[in-house]
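Chemist: Here are the chains, one letter per residue:
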Amino acid sequence: MWKYKKLIKNCVFYTLCLLVAVCCLFPFYWAIVSSLLDSAHLFSTELWPSKITLANYRHVFGDATFGSSFLNSVVVALLTTLLTLTVCLLAAYPLARHKFPGRKRVLMTALSVTTLPYVAVLSGMFELIRILDIYNEKAALVLSYMIITAPFTLWVMTNFMNSIPKEIEEAAIIDGASKYVILTKVFFPLLKPAVVTTGLLAFIAAWNEFLFALTFTLTNQARTVPVSLALFTGATQHELPWGLIMAASVIVTLPLVVLVVIFQRRIISGLTAGSVKG
Amino acid sequence: MQINFTPLGRKVKKTNFSHWAFLAPCLVVLVLSAGWPLLRTIYFSFTDATLDNLKETNFIGADNFISLVRDQDWWQAVLNTFVIAFVSVPMETVLGMVIALILHRNFRGRGLMRAIVLIPWTIPTIVSARMWAWMLNDVYGIVNELLLRASVIDSPIPWIASSSLSIVSIILVDVWKTTPYMALLLLAGLQSLPQDCFEAADVDGIPFGKSFARIILPLMKPTIIVAVIFRTLDAIRIFDLVYILSSGNSANATMSVYARKHLVDYTDVGFGSAAATALLFFIAFLSVFYVSFNRKKLYDVG
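Residue numbers (numbering that gives the first Met the number 0), protein chains in the order written: chain A, 0 to 277; chain B, 0 to 301.
These are computed hints drawn from the structure, not numbers from a lab.
Careful, some of the hints might be misleading.
Stated by the list, open to error - Derived, one-sided and incomplete: chain A residues facing chain B with beta-carbon distance under 10 Å:
hint, residue
1, 13
2, 46
3, 93
4, 122
5, 251
Said to hold, decoys possible - Each computed DMTMM-like pair below joins lysine to aspartate or glutamate, with the alpha-carbon atoms no more than 25 Å apart:
hint, chain 1, residue 1, chain 2, residue 2
6, A, 4, B, 201
7, A, 5, B, 201
8, A, 5, B, 195
9, A, 98, A, 169
10, A, 2, B, 195
11, A, 103, A, 169
12, A, 137, B, 51
13, B, 220, B, 198
14, A, 184, A, 168
15, B, 54, A, 136
16, A, 8, B, 195
17, B, 260, A, 136
18, A, 2, B, 198
19, B, 260, B, 47
20, B, 54, A, 126
21, A, 191, A, 168
22, A, 4, B, 198
23, A, 191, A, 169
24, A, 50, B, 144
25, A, 4, B, 203
26, A, 5, B, 198
27, B, 260, A, 126
28, A, 2, B, 201
29, A, 103, A, 168
30, B, 260, B, 70
31, A, 5, B, 203
32, B, 260, B, 51
33, A, 137, B, 264
34, A, 2, B, 264
35, B, 260, B, 72
36, A, 4, B, 195
37, B, 209, B, 195
38, A, 8, B, 264
39, A, 103, B, 233
40, A, 98, A, 168
Just so it is clear, the structure is predicted and the values come from calculations on it, not from any experiment.
Note that beta-carbon positions come from the ideal geometry of N, C-alpha and C, so glycine has one too.
For reference, chain A alone in the conformation it holds in the complex (with noise of 0.2 Å):
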């Protein structure tokens, strides 16, 4: 009886978890079906596709818009995290080691900066990218996604700080280490975990970027690739290319998906760190 009992109870739970599982991927799998196929058999609605093609592919590849969005999307967030991680880890140390005053303030601060509406600084903004000139270039984007970025990681990387023990630095400042050898020398090599987490977040976000990408930038060339694929229209709302468009969202989240699965584990602990366990 009890057998039977435990017996039924896993089979509730596994379909729970299949359940669950095609809800999270089924619209994904229904992009790359979509993408397979011709535009003849596009309508089709067959679950499993009997006869595919990768002609969208290599139509999108064969892009030139589409190339230089998706090169102006990596360099962007390559160089938001990269500057995201070096003012972060370097502001980190400080807040996470030392008591001083004015540093609540800053940690309370960089808080409230991660719910501002991002649409309230637009305006702001679009002055400034004006006034240095970088209207329509990478800078700007990189400018303007720091506002999502730094705060964030500033936050999660003065936890991770915080939890590394008091006594390797006391060690180092016996052995007369200056404050900057021990951030890079002795710190640096323990926070390698903190900042492939915040790394990879903070990647994520300015790879999925829109509001600033769509504001600030005005010519194909310098557009990032949410933004070209949120323009990709054809004439009516019927006769959109839909094939591409699939095509098009699935190399774009490709990247994503792969990084993801090899690196769920430091990804949920940072993005776990960076809210409710603060």
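With chain A held as given, fit chain B onto it using these hints.
Modeler: Below, chain B alone, put in the same frame as chain A:
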């Protein structure tokens, strides 16, 4: 050198400026990307600035705000925003809790399951919006096709094209996309609970429903509240999904979409900034709750 204790154990107070040297680059970045633009936006909201003329602006007092309050479309946007936030966040919380409980259990394939659950969160919002717009397409979409085949509906539903249904689509996609994040926040909370509670309940043979209501839920309350407030603040600034799925229909705009439309498309920086400032006000109001609730946790950091 920074040793805080003398041999007698008394604290030595020293003003140390090198802290601020380390902080400076980050503070500069935050001021340039957040602080300064924010102040300028608030300033612009009291002027007649346009996109072509940001320099010689005239101070016009609260005129922008007065016309904002008089604009029917603005209040529609406010309503839409709150409908989206207050419908999708509770749904995400419930579904997120279910997923968190699944992931909390020790079973074969747990790592795989975690990766699968994370995928909707990873997919860029624009891609999600496009994918779902394709699936929900009224003529060729798979959703209508499956519903028709299962005879749930008789004729295709115009999910995106109809303005009253497109808000349903927006909520649906938002829930799909953000539930994983919610689940992870709740999972972190579950894992920080004393695990012997779960074991004790299991040994005593208490049915799951009861142990959930009597043990897990009360213990999880602080985590749930923080996660809900955090997500609500995030939902109120929603932009990407709505921008794509409402296809420019102002009946479905949210506050962010409305503000950007006036700011960029109509080049009315003054008025757009006023709308953005109003949104900021809503968020600030709700943030007070969040920050006061999180303050306790903040002190754990230092």
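Chemist: Need the list of violated hint numbers for this structure, in ascending order.
Modeler: 34, 38
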